[in-house]
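Working from the sequences, and respecting the hints, build out all of it.
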Amino acid sequence: MQTEVRVRNLVKRYKDLVAVDHLDLEIQKGEIYGLLGPNGSGKTTLINCILSLLRYEKGEVEIFGEPMRPDAHHLKQNIGVVSQEPAVYDELSVYENIDYFCGLYVPDKAVRRKLVEEVIEFVQLDEFRKFRPKKLSGGLLRRLNLACGIAHKPRLIFLDEPTVAVDPQSRNRILEGILQLRDEGSTIVYTTHYMEEVEFLCDRISIMDRGKILITGTSDEIKAISRSGETVRVETFDLDESHLKAIEALPTVESLEYEQAELVLKMKAKTNGLLDILNYFEHHNIPMTKISSKQPTLNDVFLEITGKELRDDV
Amino acid sequence: MFRHITKYKTLALVKDHSSLFWTLFFPLVLVTVFHLAMSGMFSSDTYRFDPVTVAVVTGDAKQEEIKAFDTFLDYVGVPGTPDENDGPLKVDTDPQNAYIIYIKAEPEEARVLLDKNQVYAFVEVGETVTMTAKNILNSSNSLNGSVLRSLLERYTQIKNTMNSIENLVTSGAIRPGRDFEERIRKAFESDTGLHEEDQGTKKGDVLIYFFALLGYLSIFPMAGSISSVAELEANQSSRAARSWLAPYPMWKRFFAEITPNVVLYSILIVIIYYYLGVLGVDLGPRTGYILVLLLLGTLTGIFMGTAVGSLFKGSTGIKTALGIGLPLVLGFFSGMMASEIRKLVKNSIPFLQKINPVSLVAEGLYSLYNYSTLDRYFDIVIRLSIFLVIAIVLTIIGLRRSNYESI
Amino acid sequence: MRAFKLYFKVMRGSLATILTYIGIFVVIANFVINAQLPSKEADLKIAEPKITVFDADESPVSKAFTAYLTEHAEIVELEDTEIAINDALFDGETYYVIRIPQDFGKQMLDPERNDAELNAQGSIYVHLSIVSAQLVERYNQTFQVYKQAFGGSIPAEQLENTLDLIRTDLQAEVSTRAFLSGETYKITLLGTSFNNTFYILIALLTSVIGSTLIAMENQSVKNRDLVSGIPERQRTFGIFLATLLFSVVLWVFLIVFMYTQLGFDLLTDTRSLWLIGVSFVHMVAVLAVANFFITLMRNKGALNFFSTVFSLAVSFTSGVFVPLELIQAPVQKVASFMPTVWAVKANNAIVHMPEQAPDYSFVWQAMGIMTLMTVAFLCLTLVLRKSRQRSFA
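Chains as they are written, first to last, in this note's numbering: chain W, 0 to 313; chain Y, 7 to 413; chain E, 481 to 873.
Take these hints with a grain of salt, some might be off.
As the list claims (entries may be wrong) - Taking beta-carbon pairs under 8 Å as the criterion, some of the chain Y residues facing chain W (in silico):
#1 M7
#2 L17
#3 D22
#4 A236
#5 A240
#6 A247
#7 S249
#8 P255
#9 W257
#10 Y410
#11 E411
For the record, the hints were derived by calculation from the structure and aren't laboratory data.
Even for Gly, the Cβ is constructed at its ideal location relative to N, Cα and C.
This is the structure in structure tokens:
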């Protein structure tokens, strides 16, 4: 498989703060690569370093197999970037904005017209093409922002939290669009702190914190690494001390808590603990009103690795 | 590509109605206000001289002195009466050709009159003539002072001459003939054969304000081009970051970005020039040279802005303040607010005068108005061009950095 | 009090602008005041003309004429090129350039003439040229008088003697005395400096207060404040109070700076205190005017242009830069709707105030008018804010 982005030993400092810390990374052609991390973890800095927008102290960045430099215009030609902040001209209409940014990559007018029409269709802004950005709602504005970044059909697309503060309808449209872009052959680097998006979209995920990549893999692989297993909750009224001890002694149980008629069990990883519990209750004929089980989420994994909630505003 | 960017930048510039309106409106309003404020100086009788009010104290002067002085007063002035409201002396007759309006007064009265500003000065007649005025220098008062002193001097001089001639007659060196007195009287009124070159003198000191104003208005696009640079530097706006990522070298983007500014402000300065013509401010016949100078000034202003914008890493607030404040300060030092400032600068910081672009444009316009040759004009054009080149080089240095420490 | 505090927090964003403007003011004021500070001399100073003479004749008459000019004016030596001459005239290094042609002496002595050809070039400072022209006229007249006294031509043996006589006749000195001490000059300079602060105040108050006010009047910010239970009246009051406090601090700084330049001893002069009083009333009035226009405009992009145009326009038409006498009556009439022209007039009155029987009634009147303007503009602003509030509701 072809490697589109390769980063080796990258270090970026802001005075005493190490924003990117000896980081290695490879992104394969045709994948959606998710970069997950809390605010301030260094995601945006990493991307800006990859794009040569920021100066860095150490390391190498290759894109399409060539070293990336600020004046590597032939590489830039095939890159699309969608920033967090909408970066458009308030004075220009939707169509004009897209045409302007597309024109920075595509000089040919006829080709460009086709591309602009396509991308307007793609982000479903057709009825707003004459609107000025100020008249657009937050979601529509994000879609315009996306359109400006991808109109020239780049081979490699960086999407930096494109769905922040977006209504569900626009958000779904954006997510579907991203899948479509991948299917059309683009490689996508997607940063976010919404893990549902990552689980839904990404072929591979890296979890990043304090400038370091802590773990990389598919969603399932990452969850599998987790030490903790599922959480089982049982609603039951008659549970005495001896039962509790016996349950805790089960080989699949990591820990338990019993309070106000609810038994919460943390199971060991990679075990089928729910079955064990059901068996135990049935065997001892203990009545229960409700039982549920929840698999660990990326958030749990992240919490486990970093001790921080993903959506923490750090 | 260049055309593509330029087209959209122009579109963005033109579609920003409020800013466009103010950009165009501002200089025209300023020129109009200037013209209104100065039109008083422009009117044909500007240098019509308002008579000086004087209190005359004869005190214990000799009778013949008093008589001589009275003749003199009759000749140069008209009598006045004190104003009831403590205003300056009033006259009954129209003091058309009079240089002074006078009132005879006792020494004490004269002092009070002067203290109350009812007269500009009082004059004590005697062996010598003494004039006393408040020690206040401003343009109109110092003119009063020079005129009055000069008149009094003339009186003494004529008295001296008459004495000398009398002595010559007594000594026999002169034998007065027929109509002797008549001839002497006529001689006292003879005109000089003085030919004053009129060029630039009549409206010169009003025009100097307009020269400085035009200098200021050609440098003022600085503020606009400072914000243009913000569109280029990826660390100054997210839009700029997006453009930075396009496969297009910085310097090409720079020129594409700045071209609409250059065109807009060039058109503007030409409009201003012709608008001044409509208002009746005549800057002389050398229109072509004037426009070249103004356009060169405009370019200089624009690139000063890009230099400041790209070199200074400070906050936008400081940059905006500099963009607005610096042209005003340079205008001030060129005499835009008070023409005397030019002289003060020339004397205390001559170096500033030589490099101040507003001053250079103003001097260039003055030289076109007054000088028959174009030597000084070209000298200024060269100096301004050097300034422009430096501004461009500084801009390039500022923009040359290829990526950023932080965003 | 919340709006009051918020105002200063928002204003921190304009700190750079404030400091830049104040820096510019300090540099300029320092330069101008120091360049004009008088020497200790208390005499009435009447500027002597500066003249440049090029004598192509070099006859006894032309030499005597040149010697006469040397006694009555400061002679400035210049290179005889058009550029050097015009530059000197432009820069006020010389006011008048006289060219004596070759047969000047012959023409002067010619019994058929009563003048001689002379060429001269005046400077752009016209009144200074007039004085120089008079010098020339007088010499000629006196010369012609002697010629006529000798019956139409001066005998060759009498020429030297006559030229001497003319010179001594014309040496007549008029003694000049200053009625008041040198302090008065300083007060005049103080008055001018006060006038100049008007410009700085108008420019700074409109731009700084403007940008802060516009930020605070942002509809969504305002709505958030209003739903928080602060009555609009209280908010308006808080903002007004904050702008006033800022203006007072700025004003105090400008005044203190001026006195550090001119000397704090001037504070003992009553006129000084009057100037400060007028300046304060004017500052408050400008604040009200600025508040009104900014509320009317509400556009941040236009603010910088507005502030530049407004401050320059008001200053030029109100006599801050150019003496009021030079401004035409209709323009002055329009300007009199702004407080500045009244403050300038009041300052002029204070500076020229008689020492014996000072009468400050006009100054009171001017301050009254400015106060009325303050009230009027304040009311207009309140009405405007109120109507905006309603139209929004």
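Enumerate the violated hints, using their earlier numbering and listing them in ascending order. Violated hints: 4, 9; rest satisfied.
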